[in-house]
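Visitor: Protein chains in written order, with my numbering: chain A, 1 to 449; chain B, 1 to 178; chain C, 1 to 235.
Since the hints were made in silico from the structure, they are not lab data.
Computed from a predicted structure; not experimentally measured.
A hint or two may mislead.
[As the list claims (entries may be wrong)] The calculated label-pair distances, taken between Cβ atoms and stated as ranges, are:
(1) Leu349(A) to Lys129(B): 23 to 31 Å
(2) Ala37(A) to Lys129(B): 45 to 53 Å
(3) Ser70(B) to Lys4(A): 55 to 63 Å
(4) Arg124(B) to Pro22(A): 26 to 34 Å
(5) Leu14(A) to Pro12(B): 14 to 22 Å
(6) Tyr82(B) to Ala37(A): 40 to 48 Å
(7) His127(B) to Ala37(A): 43 to 51 Å
(8) Gly16(C) to Met314(A): 27 to 35 Å
(9) Ile212(A) to Asp13(B): 27 to 35 Å
(10) Met314(A) to Tyr52(C): 12 to 20 Å
(11) Arg167(C) to Met314(A): 22 to 30 Å
(12) Ala37(A) to Glu54(C): 33 to 41 Å
(13) Met412(A) to Ala27(B): 40 to 48 Å
(14) Asp131(B) to Leu14(A): 36 to 44 Å
Note that beta-carbon positions come from the ideal geometry of N, C-alpha and C, so glycine has one too.
Okay, here's what each chain looks like letter by letter:
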Amino acid sequence: MATKTPDQISEDLLRPLSGFSPRYLISLAILLIIVTAAGYAFGAQIYSGLGLAGINRPVFWAFYITNFVFWIGLSHAGTLISAILRLCNATWRRPVTRCAEVITVFALSIGAMFPVIHLGRPWLAFWLFPYPSERGIWPNIRSPLLWDFFAINTYLIGSVTFLLLPIIPDLALIRDTATGTRQRIYRVLALGWRGTSKQWHRLETAMHIMAIAIIPVAVSVHSIVSWDFAMAPVPMWHSTIFAPYFVAGAIFSGIAALIIAMACLRQFLHLEDYLLPIHFENLGKLLFVMSLLWFYFVFSERLTGWYGNESAEMTVFWLTQRGAFSPLFWTMVFCNFIILFPFLAIKKLRTITGVVIASVAVVVGMWLERFLIIVPSLAHKYLAYSWGSYRPTWTEITITVGTFAAMCALYMIFAKIVPIISVWELKAGLHPVQQASHALPQPDEVRAE
Amino acid sequence: MATLNSIYGLFPDPDSADRGMRALRAAGVGANQIVVMSPQPFEEFEFAQMDRKTPMPWIAALGGLIGGVSGYLLAWYTQVAYPLPINTGGMPIVAKWPTGIVTYELTMLGAIIATVIVLLITGRLLHWKFDLYDPEISQGKILIGVTDPQDAARADLEDRLRRAGAESVKNTRRSSAA
Amino acid sequence: MARQWGMAIDLDRCTGCEACVVACHAENNISTVGEKEAARSRAKHWIRVERYYEGDFPDVKVKFMPVLCQQCGTAPCEPVCPTFASYHTEEGLNGQVYNRCIGTRYCANACPYNVRFFNFFNPIWDKPLNLQLNPDVSVREVGVMEKCTFCVQRIKAGEIQAQAEKREVRDGEITPACVQSCPTQAMVFGDLNDPDSQVSRLARSSRGTKLLAEVGTNPKVTYLQQDSWHGDENA
Chain A
1 MATKTPDQIS EDLLRPLSGF SPRYLISLAI LLIIVTAAGY AFGAQIYSGL GLAGINRPVF
61 WAFYITNFVF WIGLSHAGTL ISAILRLCNA TWRRPVTRCA EVITVFALSI GAMFPVIHLG
121 RPWLAFWLFP YPSERGIWPN IRSPLLWDFF AINTYLIGSV TFLLLPIIPD LALIRDTATG
181 TRQRIYRVLA LGWRGTSKQW HRLETAMHIM AIAIIPVAVS VHSIVSWDFA MAPVPMWHST
241 IFAPYFVAGA IFSGIAALII AMACLRQFLH LEDYLLPIHF ENLGKLLFVM SLLWFYFVFS
301 ERLTGWYGNE SAEMTVFWLT QRGAFSPLFW TMVFCNFIIL FPFLAIKKLR TITGVVIASV
361 AVVVGMWLER FLIIVPSLAH KYLAYSWGSY RPTWTEITIT VGTFAAMCAL YMIFAKIVPI
421 ISVWELKAGL HPVQQASHAL PQPDEVRAE
Chain B
1 MATLNSIYGL FPDPDSADRG MRALRAAGVG ANQIVVMSPQ PFEEFEFAQM DRKTPMPWIA
61 ALGGLIGGVS GYLLAWYTQV AYPLPINTGG MPIVAKWPTG IVTYELTMLG AIIATVIVLL
121 ITGRLLHWKF DLYDPEISQG KILIGVTDPQ DAARADLEDR LRRAGAESVK NTRRSSAA
Chain C
1 MARQWGMAID LDRCTGCEAC VVACHAENNI STVGEKEAAR SRAKHWIRVE RYYEGDFPDV
61 KVKFMPVLCQ QCGTAPCEPV CPTFASYHTE EGLNGQVYNR CIGTRYCANA CPYNVRFFNF
121 FNPIWDKPLN LQLNPDVSVR EVGVMEKCTF CVQRIKAGEI QAQAEKREVR DGEITPACVQ
181 SCPTQAMVFG DLNDPDSQVS RLARSSRGTK LLAEVGTNPK VTYLQQDSWH GDENA
């Protein structure tokens, strides 16, 4: 990377923005067809009722809420990780931050749709907004769903601005190099960025403040998502450990998603010179640490439950441990923990391929984790007479697959509009004094006449 | 595209930009007349230190305070506003814990929005019409210039910029004056 | 002091005949969902008779337990509702306002008794059931939660009648459909704030237990029994 000149950086990173390859168009079309199918499934569900989904009494929440937690969790990939790396001034972050922040914005938007998709009367979802209405009644602040509303909105606004602010200088760069309609569009999008030293200084100050503000918001978002469960007296939900457990899990799955996204970008956009093995290795190490942390939380949760030996809790405990849900449970442990040891602990296997395999396993495992938190507890809640089970329907499966397709499609479209790696931040990383300047006095020769 | 009287030089690298800046200062040009534009931040160089200390963190904190207060008021009002204040699940009408959560989220939202607004306003963004700009900046050039130079001084300033290492020096005049 | 409606159910008297279930369906316009949906566990019975078996074949004793909304004092279903569809009335009932419900089903998850029901589809009544709909009870559309109301329409009617006759509501005057239809009079309904009412006396009985008391919901339904279910220290 250090061998690249600023001009080469501009050229390499702006190249993906011009033109469409047939491969791009075909895959985008396939993705959009899947998204349309999901939209049709949702429409059918609105038309006939939520009965099209597999939910029943007592399993009132299943795939949709699993997806909600999963996507909100994935959204912790970006903003949180990028904010931490920015604050630590980790220089290797430069090519990583933007593609991470994009994951946040899209995963969060997709995740935030699920509480609406799962509503019995989704056309009334706006009743969650606190606004003076003719009904004379406000939403109930005591409901964790309202906390979700506030937290997700704050996080969404925060992460969208966190993503967009450092894009502005790159949009100005495109404005200055593009011609015709493209130039006119980017002229508007660049918001009149000129790159005065005042603008640069203010931008960096703003990013610093945003990074400080967004970390506690991200933590609060997934804590609140966990409180959707922990506030209800349901066996294995009503647990004090849930908030940190969910936050750790969210960061865990977020890093995995980021690694997968980076590997795809590297492969398809030919960014081999920018997304280097060192990035995958560093993120792989981080993933491994989070895996250990995740296991620690699962272990503490299970251990406490087991010693508490409360009958309703133990019913759910054994249901996942060796009952009907145990195949899924042990698959989850394998994907989230065991498989990471060979691929991430052994240096020889910690290649890009190895790290990506581990990440795919983690994404699958974390989806299962959310499913296993939600469904077994509801299925075997207290009175044995009303126990139930759950099986997804095609409606739920289509919508679930559709959101994955939507994520990929949004990512592909975004990478055509904005350079997916921050051009100016990479260029700023070229100055040799950059790293030293924060700790050491400036070398005299820089200022010499 | 300029609508401003100015004279500026485009420098190929930060070291020459630093020299250009010093040359302008030596010519007695005031700090408020000097314009610096660059394709990326050069915070470690002298020429980029043209900004005053910004109160942005304090305004962000103020925004957080306003957000927090309005969050608390919103949570409080929505709980007591219903004509028949209703107790749910044995909780008090104004329940502290959930009110705290809403207050917290809106505090952070207030801080974030305040930061963005301050950036947009004080960074002079959202002004799409440029009084002074050169697209060559995006080719990696650093612009060091003087706004409203005295006509008599133009030749001298041009000379100084060139000697400092400017690749090209351009004069602009307000279009109405032309 | 406002009335606090409560119920006592004598399990020693319950024969498991399910007359209460039928009466409840008829009184409260509860639609039947059909075989297919019922097999998918979507049947709606605001009151159900749970069957539990004790002992091994052939020495089996069957136990019946009617379970309906326990109208909890600190109900887990209430605070989780974002739209106040589930709320607490002055008379201690867990109200459910159908028109406010947007169908998050959060209340149903929070309910430890699984006595909240969701309309997975719009309700339909097979002929001639459509002719016997109760005009005092609203029908619920798709996507809305519903649950036992202690027959709030009967409570209101009784209170209005008493008010018109300028007197207090007499104990036993108001009966929900299930109580009215119980052939063994296993169910008793009344005001828990009136210490002399029959339900108050039964609630204080040493045979009384609360269902899932350990969850801390303060239910207003007392189950009475004199057997080995919850230990026989009261025998």
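Visitor: If a hint holds in the structure, say so; if it doesn't, say that too.
Guide: Against the structure, the hints come out as follows:
The hinted window of 23 to 31 Å between leucine 349(A) and lysine 129(B) is violated, with their beta carbons roughly 57 Å apart. The hinted range of 45 to 53 Å is satisfied by alanine 37(A) and lysine 129(B), whose Cβ atoms lie roughly 46 Å apart. A beta carbon spacing of about 48 Å between serine 70(B) and lysine 4(A) contradicts the range 55 to 63 Å that was offered as a hint. For the hinted restraint 26 to 34 Å between arginine 124(B) and proline 22(A), the CB-CB distance of approximately 43 Å leaves it violated.
Checking the proposed 14 to 22 Å range against leucine 14(A) and proline 12(B) shows it holds: the Cβ atoms sit about 21 Å from each other. Checked against the hint of 40 to 48 Å, the pair tyrosine 82(B) and alanine 37(A) passes, with Cβ atoms roughly 42 Å apart. Here the CB-CB span from histidine 127(B) to alanine 37(A) is close to 45 Å, well matched to the stated 43 to 51 Å. The hinted window of 27 to 35 Å between glycine 16(C) and methionine 314(A) holds, with their beta carbons roughly 29 Å apart.
Checking the proposed 27 to 35 Å range against isoleucine 212(A) and aspartate 13(B) shows it holds: the Cβ atoms sit about 33 Å from each other. Distance hint check for methionine 314(A) and tyrosine 52(C): the Cβ-Cβ separation is about 19 Å, which falls inside the suggested range of 12 to 20 Å. For the hinted restraint 22 to 30 Å between arginine 167(C) and methionine 314(A), the CB-CB distance of approximately 53 Å leaves it violated. With their beta carbons about 51 Å apart, alanine 37(A) and glutamate 54(C) fall outside the hinted range of 33 to 41 Å.
Hint check: methionine 412(A) to alanine 27(B), Cβ distance near 53 Å, so the stated range 40 to 48 Å is violated. In this structure the hint that aspartate 131(B) and leucine 14(A) lie 36 to 44 Å apart at CB is violated, the actual value being about 27 Å.
The structure does not agree with the numbered hints 1, 3, 4, 11, 12, 13 and 14 stated previously, though it agrees with the rest.
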